[in-house]
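As you go down the protein sequences, you meet chains B and P in turn.
Be aware that the first sequence starts at 1, since it is given in the numbering used here, and climbs by one per residue.
Be aware that the second sequence starts at 1, since it is given in the numbering used here, and climbs by one per residue.
Incorrect hints may have been included.
Stated by the list, open to error - Output of the computed footprint for chain P on chain B, the stretches with three or more beta carbons under 8 Å from beta carbons of chain P:
1. 52-64
2. 379-390
3. 545-557
Claimed, not checked - Not the full set, but computed from the structure, chain B residues with beta-carbon under 7 Å of chain P:
4. D46
5. I372
6. A413
7. D447
8. I448
Note that these hints are calculated values from the structure, not bench results.
Every residue, glycine too, gets a C-beta built ideally from N, C-alpha and C.
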Amino acid sequence: MKRVNAVVVGAGAAGGIVAKELSVAGLSVVLLERGKWYTAHDCRKDDLRNQRTTVLGNAFGPEDEGNPRVWVDAQGGLHTVRPSEGPYQNDAACVGGGTFSYGAQAWRYMPQDFKMRSTYGAPEGSSLEDWPISYDDLEPFYEKAEYEIGISGDYSGAPFLGARKRPLPMPPLPPGREFGILGPAARRLGLHPIHIPMARNSVPYNGRGPCMRCRWCCGFACEVDAKNGSQNTVIPIALNTGNCELRTECMVKEILTDDRGRATGVAYFDERGHLQEQPADIVIVSGCATESARLLLNSRSRLFPNGLGNRYDQVGRNLQGHQYTGALGYFEFDTYDDVGPGADIAICDYNHGTPGLRGGGMLANEFIRLPIHSIDHLPTGTPSWGLGHKKAMRDWHRRTIVIIGPTQQIPSAEARVSLDPSVKDKWGLPVVRIQGNCHPHTYEIGDIQAERAQKWLLEAGAIDTRLLSQAQNAEKVTHGTDANQGVPHKSHSELIPAAQHQAGTCRMGNDPQGSVVNKDCQVHDVDNVFVIDASVHVTNGGFNPALTIMAVAFHASASLVRNWKGTGFRS
Amino acid sequence: MHSGKNAGILTRRQFVAASAAGGLVAAVGCKTGSEGNWEFLSDQQAATLAALCDQIVPADDFPSASQAGVLNYIDRQLVRHYSRHQEAYRDGLMEADSLSRKRFGHGLSELAPTQQWEVTRTIELENSAFFTLLRNHTFEGYYGSPRHGGNRDAQSWRMLGLAEPPLLGRAQYDLRKGSPS
């Protein structure tokens, strides 16, 4: 196969950006994606099969058959799990990755989020660290992401956030009914509500129209293509340069290296299952935190017997994501307006600065709920079945508000991705094994965030509330679903909340013994291999990570292009 | 689709309309959903399952689980995404019937609604694994997308006061053509 300058593994939030930046700069690029490129006809509004409610599987990959993982529970028990089950910690596998079907909250992390250790000190047993780059280093790339991907919203009125040079390119969508209920209540509490930044067109932008505000949003593909992911922004630009070739349904087996320890390309299974080799000057791994770590670990050779970049046993460690906690409020009047995306109001008052807590998190109202989401979200005391349950569905589905948010994770080196020694996927490759959990302080932060959400709901007039402080999976609505069957009951201390917000497994750092890549996302050991995705996040902020993944991708690409022009990598 | 099944659906629709108007539901609510042509269930199993599902979502001014097509949903999924649960259903339904016979002398579908409630409650307490499956699958079929055979005519969504049919995008994409099942 013809040698190219760069092969990028994974066409998600980061991989799409890297492919675009490199191909625009004139490098020849092959972008490999193990999933499909879904089209408008696959935009199924299916309440039971999407990336959020997965009782009938994931809509956008991976398929349940042939893609197992192994989850190790707190007692050391091994469970082979399928992609639609919670402990799998799935992120979508398709062109666009998670950004094809995400809720599209597009937050910048705050300056303190990059300095967690120096701000708070590392608690005993944690691996809390500072990033080797700062908010100020990333600021220009946050801005680039906001304009190139297309973000709507309005940050004004929140005094806590990092400095920015330009406002968001699009105004927020008109506020929904919940904004009108929660906004005045937040201000009465002395909080600073803002319009959530969203990778969603509120006005025509980038040649596509605005959001039509339907009910099927977070977890679904957008019927009118108003939600902005890598699949409808940077990837088409990359392909239009003529320098980038996208190959879908291609599963990378390993990164190939020569006897000097430099990467020479990748071996992958094509869409017919045939093993191919793609030679390249540089290899960029952008497969998401679990799969990127797996690929490095699966790339073993004489010089790298424990996997590429894993000389100091760092690959796969510090797995994190976001524990979602909050509260559910019941109201005497209709709060539901049937207008998507639903989530529109947030506060950042509690992200930092609480004595005794190492961080906190953003709190926002939840995305629009489908009926299936309400079946286990009825007031305490509601019968779990029968006429009483049916009546409660009628009484409450339109009269609830959920306030919820991602809490800052305190990472642990023991929360990790490794290779399972026996279970293989349909290509015969060793699969991801997930074990361990974040530091327990994470859950103390989460419990306090839940009480804060409850207080906000009560101020807004809720007549009853329920704490949601044991939400296990980031952004995954659980309703006693099939996803929970076959595994023991998951308490919040048992199952790591990684899933769609997974991060941390190939940590960025200056010390080669305590991290996997340097501040430019270059693997310490192998100077022509890069990991560019949420794997490199040292900590994961108290916000949805997508925009930071994108900013880091722009930052790393800029450095790559700069160095490339110096012919640093050309072999 | 088999013509016999179509006929069944029409009958049930008329039945729902009639029962919503006349309040006849409690007397006959357990008899629907057993007209055959199932992919997995036997007629006997279907009758038992209908009785159980209709305890989980009984009829009132709005249709019961079986009237809304929940059996279609479960039956279809038992040969698709839920094929791993076939054994659980076979055993669970058999146990439900034998429990009914032991306690009341008849199969579950022939019992009065209060007796059916009692049997369902016993299953919930004594076989919670099967009951959890049954409850979740019933709710999925009742409140989920009509495309999977349940929630016929989106009746549960109408019950909750949601706009139906919902907002569709302008003709950027024609969702009718090639729309997956």
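Here is how each hint holds up against the structure:
no.: 1; hint: 52-64; in the structure: holds (count 4)
no.: 2; hint: 379-390; in the structure: holds (count 6)
no.: 3; hint: 545-557; in the structure: violated (count 0)
no.: 4; hint: D46; in the structure: holds (5 Å)
no.: 5; hint: I372; in the structure: holds (5 Å)
no.: 6; hint: A413; in the structure: violated (36 Å)
no.: 7; hint: D447; in the structure: violated (27 Å)
no.: 8; hint: I448; in the structure: violated (32 Å)
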